[in-house]
Every structure is written in structure tokens, then in C-alpha cells.
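Enquirer: Single-letter residue listing:
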Amino acid sequence: MMSNVTLGKYIPNNTFFHRLDPRCKLLLLFIFMITIFINIGMIGYITLGLVMIVCFILSKISLFTVIKSLKPMWFMMVFILVINLIVVKTGTPWHIGKITIYSNAIFNTLKIAYRLVLLISTSTIFTATTKPLDITIAIEDLFAFLKPIVNVHILSMMISIALRFIPTILDETNRIMKAQASRGVDFVHGKLKEKAKSITSLIIPLFVSAFARSDELANAMEARSYNPYAKRSRYRKLKWRIKDSIILILSIILLAGFITLAVTHLANNWNGFIFDWIRGWFK
Amino acid sequence: MNIKINHLSYTYPSNQPFKEDALSDINASIKSNDFVAIIGQTGSGKSTLIQNLNGLLIPTTGQVEIEDYIIKKKVKLKNIKQLRKKIGIVFQFPEYQLFEENVEKDILFGPKNFGFNEKQLAGLAKKVLEEVGLDETFLKKSPFELSGGEKRRVAIAGILAFDPEVLIVDEPTAGLDPQTANKIMELFYNLYKKQHKTIILVTHQMEDVLKYANHVMALKNGKLEAYTTPFRLFNDEKLMSHLQIEMPLILKIAKETKKKYPDLDLSKVKDIDSFVMQLKDVI
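Protein chains in written order, with our numbering: chain A, 8 to 290; chain B, 173 to 455.
So here's chain B without its partners, still in its complex pose:
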């Protein structure tokens, strides 16, 4: 599933005479099986952008092309349900969308809406629950008696259950403890690596951008300021100060280390483990 964004602008409908674009003239394309991070400060248009990708919002001008689907103003989208089945969005704080009496029903809610048959549904809840790291004892529990982290995982399982080709996640680790956050990020990375899904990650965590993403989109005031690789972004100090982001700590350490060991390959430093590996090579 290639996603093509052409001259996309979006303005929220309002009665105010003075309107400001939430997004203005975004051009980008996301290839199949890519891991893209979207960064930008609060209010920079990240969430608006992802909602334009599955027809929740329709671009004010410009269009989004996804295979045969063209999301454009005044053109009625045929079969919007199928589009949403292919592009799953995990919203910020997804635990607030749980409503069924038990976890199993809630996970199967999406697949049922998308017309999965009995055979496809059998064992599905258990399977996706295992993917997110919860065992089958959770199936019959009420979603409201779970802890915050468990709820979040159940909600993510509810999206994974209908097997979207593109998974868009909006700050999936916000408000979680580091351990759970790590597990959830690993989960998305595995979906990308093993199941070859396209992952679009909206995040404020520059460490995650460095570690997982292949490409990074940087938004500021509704404009796409950069669409590049994390390595290039973190080496462009002018751009970083313009976007008001900080370099991940591990990269800072690696840069300092490079002064002593000039052979160190910074482009391969993604996290602590890869840094240690690189360091072993040069020492």
C-alpha cells in the first residue's frame, strides 16, 4: 500500500472569520513496508494529518491517494469501510474506546464490523492478545477492570485484529511506564519486521525515532519542514533547532566518542546495543 499525499491542505471548519490552516500544502509519499515517524510539537498538525489518511477528515484542498482510493473533497469515497480496514489507526489514549462487556468481544468488534466470518473470528482474539503480550485469561475479563497499560494493549489488539496493512499509531506510549512502553514499541517494530506492515508512528520520543524509524516527517505549524532519514535529521543542527527538538542522548554520546575514535560509524548507532556493537568494532 503506497500512500501518496499531494498538495494536501486542511482547515478545520469554524465560524470564526479568521481561519488558520491546520495543514498546508503537504507533499509526501509513503512506500509499502516502511517505518515512518511523524514528529512535531503539539498543535503542529500531526493528528490532523493521520486522520486525513483514512477518510476521517477530507482534505480541504489537495488529495491523498492510496491504491485505488482517492480521498478528495467533493469526490464520494466508495467503500470507505474497506479503506479503513486496510489502514488501521490507533488513536492517542485508545483505552477510551473500549466498551464491550469482555475483552474478547471488544477485540472482535472491529473484525465483525469489517465482515469477518465465523471461521476467521475463531481463535482470533486469543492470537492478537498474545501478540500484544497478554495471555488468554484476559479474554473473559471486563475491559474496565484492567490496568492502564493492559487496557492500552487490549485496545491495540482490537486494531491488530482486523489485520490492517498500514498501521498508524498516535503516541502509543504516552503515559505508560518505560517497560510497557518499550514492549509496545517492540510490538510495532515486530509487525514491521516480521509481518511486513507499514507503520506510521506519531511520537515525541526522539529515541524511538532514531531506533525504529526509516524515515521521519517533521511538521511545524502545519507545514512539512523535512522528510528525511532520522540520521540526516539528527545531523542537521540548523533544522533541529528550527524544529525545537533535541538529539537523542545515545547519539550525543556516540558523537562525543567519535572524537576519540574517528572510525565509529554514526549511521549505525540506533540505541545502546548497536552503539556498543559499533564501539567494539573500532576499539
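In isolation and in its complexed conformation, chain A is listed as follows:
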């Protein structure tokens, strides 16, 4: 069950996206996320969807992977739908039996779902085509301007260690679950109280071993004279190429276009909240 996690997994390949500079990809991720949260209207969303499909084709990620990474979204979607059905009372009322449903509740939910799909797709493309180590280097580089305030290197080191430990801890979880199952723990069935107990029997050993591991790692790093405050050279160097610049400029143009579209579409006010917020900025 643990091996099914696809969200955030790097898929080794050699596509156009894999070869892009990780810094460029990180910036693209930011740009796309901003774009997704701007109310860009129907045309804008369709354009954005098309761009995303092109990105998927370029990165050669199988449709199956995408669908799998969207799986955790279902619960959230149902939750949002229920809330919307209760709260939203605008639009055309539809009568189904004794219940009245308003069209805007459905449309709002669909809109949020679409945005979430776009959001997860962007991050899937990013993480599937960028090695975790490259991500941290990119973060370190891009946030270098913060150096006088925070130690960016420590932050990026923490992120890379955390990423490095995800598969290890998943393995560990699997192992402990099996050991406890052999002692009669049922992780699937049982009453709430029994379930709470079975989760404790997993969480505590997991924490204990995670702490022990980090202690060992800290000692191993110190044994090799690691000093986070020292000036460090880098083994892996990133190379910014012309195609990175071109892609970045194209994306910025796209973002600018969408912002213009959003501002000119003021009248087409079909989702108030974020839009009003952005409009507030331009006043």
C-alpha cells in the first residue's frame, strides 16, 4: 500500500522538462500557481488547461500516473461539494425530490476541482521531472537574496534531508506494521478505540526510530566535519541555458496576458473572493 504513493515522486527520464534548469522549473511552478489562482475566466482556464496538456506530453508522464496522483483529492472534492450545496443559494434552482440544489453550487465546485487538478498537475510535472536534490539546490539559489536574514543553506539542507528520508520512513512504517500485525494488531478493522491503539503501536516505534536515525545522521555528518555556517563549495553546478530563458519569458508573457485578461474581465465577476482581493491591489 505504501508503494502506491506517486505524488511527489521523481520519474527518471530524459525529456525536455527533465533537461530544463531546476531553477527555471521552480520559477515556472510559481508562475503557474499564481496564474491558477487568478480568476482568468473561461477562456483563460481552457488555455491554461491546453498549456498543461502540452507540458504533460513534453514531460512524457503517463496519464495513469496523473490520475493516481489525483486520487487523494476525491475526499476534498466531496467535502467542498457538500459545503457548497449547503452554503451557496444563488443561480438557477433545481428541484430533485424535496431537495433544492442551486446551479452555482455545482459550478463553483467544478471550478475549484478544475483549479485543483491544474495545481496538482503542475506540481506533479515539477516533482516528476526534477530530482529532489536539484530542487533543494534550486531553492537555495533562488532564495539566496534572503541570505542576510536567514541561513538559506541550512533550510535547503533540511529540505533535502527530509525528502531523502521519505522513502526510508515509508519502508520503516511497512516493517513496523508487519511486526505489529504479527502480534495480532488489525490496522483495518476494529472499533475506534482499538484503531487508536493500533495506530499508537505504529506511531511510537516510528518516532523512536526516526529520532534514532536523525541522531545517527547528525553524528555521521559531524564526523565528516560538516559545518552549516562555513562557506561551502558545490559539487553539482546548475547551468542556465538559453532555452531556460526563453521558456521563462514565454511563461511570464502568459502570466501577464492572463492578468490583463482578468482585469479587463472585471464585469465577468463569476468568482468573487480572490478576484476582489486582486482588484483591491489595483485600486
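Careful: at least some of the hints might be erroneous.
[Unchecked claim] Okay, derived cross-link-like pairs now, DSS-like style, lysine-lysine, Cα gap no bigger than 27 Å in a straight line:
1) Lys138/A <-> Lys75/A
2) Lys298/B <-> Lys204/A
3) Lys313/B <-> Lys185/A
4) Lys200/A <-> Lys366/B
5) Lys138/A <-> Lys250/A
6) Lys200/A <-> Lys258/B
7) Lys253/B <-> Lys202/A
8) Lys204/A <-> Lys312/B
9) Lys427/B <-> Lys410/B
10) Lys248/B <-> Lys202/A
11) Lys203/B <-> Lys365/B
12) Lys200/A <-> Lys365/B
13) Lys258/B <-> Lys291/B
[Stated by the list, open to error] Computed Cβ-Cβ distance ranges for the label pairs, DEER-style:
14) Glu409/B <-> Tyr17/A: 45 to 53 Å
15) Thr183/B <-> Arg171/A: 26 to 34 Å
16) Asn393/B <-> Met228/A: 34 to 42 Å
17) Phe23/A <-> Thr233/B: 37 to 45 Å
18) Asn181/A <-> Leu311/B: 26 to 34 Å
19) Gln416/B <-> Val195/A: 38 to 46 Å
20) Ala346/B <-> Met40/A: 46 to 54 Å
21) Val448/B <-> Val195/A: 33 to 41 Å
22) Gln416/B <-> Asn181/A: 23 to 31 Å
23) Asn174/B <-> Ala203/A: 34 to 42 Å
24) Leu311/B <-> Ile119/A: 54 to 62 Å
25) Glu379/B <-> Leu245/A: 51 to 59 Å
26) Tyr242/A <-> Asp349/B: 35 to 43 Å
None of these hints come from the bench; they were simulated from the model.
The model shown is predicted, which means the values in this text are computed figures rather than measured ones.
Glycine is no exception: its CB is placed at the ideal position from the N, C-alpha and C atoms.
Go by the hints and put chain B onto chain A.
Expert: Positioned in the frame of chain A, the structure of chain B alone reads:
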């Protein structure tokens, strides 16, 4: 409890297009009150095999028969808990499964899960703790303040507590000092001799195989290469070099000695003591 393994193959679920069997077409049967050693190099499928024996993993093809239980794909196992009560597994590094606030509670965790009543639980922790060679002062200690060897013994006590008929132990002596390792091996041998339990021991220690086991299963790349007695295995040089194992030192010495004393019965040489005994007979 006779265990029958019929054409068992196991493949770990993965997204990779190229899959390799962790186990392929294993056929074997283990009789009640037998002491079986499972040997093989790292990655040969030893741990996968034992997990197939109590329903932690379900064979991809083939089946495992244990009394009325049939572990097979697409056939739902009824009462899997009772099966796991009968077949106890002590995993590698079992000390990582401890989680309760004191040793007594941790030992009784398994029995409680398997539905032992108050009467059965009374004095149980003390009894099994004595079996593994720890006194009752340990009962109220936190499992996290014990030494590595003590933790291991407490974890083993936690499995013994629910009195499984078959005890499967995965490298119980890994990382322990020779003295503690010896004590733990003696403990399993006593369970086999005095309480007539079936012991399945996964090990890399050929000395232990020679000394304790009645039968030995040799795995290589997921295939069962041999299922024979330790004596036959260690006399088959072709098989040994194929499996890349070494003859136990004491047997080597005995073989050299046999050149001078041809009456020496090698089949009775199990360890230093039995070797000396045999030697006394022939000199």
C-alpha cells in the same frame, strides 16, 4: 502444525514494467516439531518466504496450507488473527516494535490482541520474561531504557507470550554480542526440545545451522535450491560453492581429524562439545 508450501511464487507489486519474482515456484513442507533453518544471501527471498507463511503477504501464485488455513490469492482468509496466533514471527531487529510504557504491558500487548482473558494474563509476563533470561525487576522498566540485547529479549518475550505453535525467527542474533547470541539460540532450541514447538530460523550463521537445525532450506535468487539436512548440505561441496556458503569451522576441523581417525562419525559433529565426545570415542 504441518506447513505445506505448494508452487509458491511471489512478486512484489510495482509500477516498473520489468518485474522479477522475489520467490519462484517454492515447494516444501515443514513437519510439526521440526527445526528448520532457512539460509541464502541477502535478497534471496528468505524474509519474503516467511511473510508468506502467516498471511502478511499473499502468494502471487501457488498456495500455503497450514492445517485448515489456505493462504492463496483471491481466497479470503477467515480468522487470520488465529493463524497469526499460531504462527509467531520474530522479525529482524524486533526491538523496534516496542512501544508501551513498560515492559510488562508490551509483552502482554500480543496476548491481549489475541483475546487472552485476565486469568491467562496473570503472571504471564513474568513467566516469559524468565524464559528469555530476564528477571521480574524488568517488568516495570520502560522498554526504551534497556540495552540493545535486553530490548531484543523483551521483544522475543512479546512473541512467546501468546504461545505460538510455530515460531519463525528472522536473524535473531544479528548485531548481538556472542554471549547473548548464544543464549538466545539456546532459548529457541529449548522451545523446540522441551515445549515441542516448530522453529523456523532464518540465519547467516552456518554454525547455528549445523548445531541446531534438523533440516535446512537453501534459497538463491528466489528459488529453493536445496531442502536437506545440514550434514548433507555441508558434505556437498558443489552445492556449497553454488550457494556461496562456507563450511562451519568445527566441521572442517572434524574432517581434517577424520583423515587420522577414520572411525570418526562426522554426522554426529554438531559443535565443539559433540566433536570432543566423538573424538574421545575413537581415540
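Enquirer: Tell me, in ascending order, the numbers of any earlier hints that this structure violates.
Expert: The structure conflicts with hints 4, 12, 21, although it agrees with all the remaining ones.
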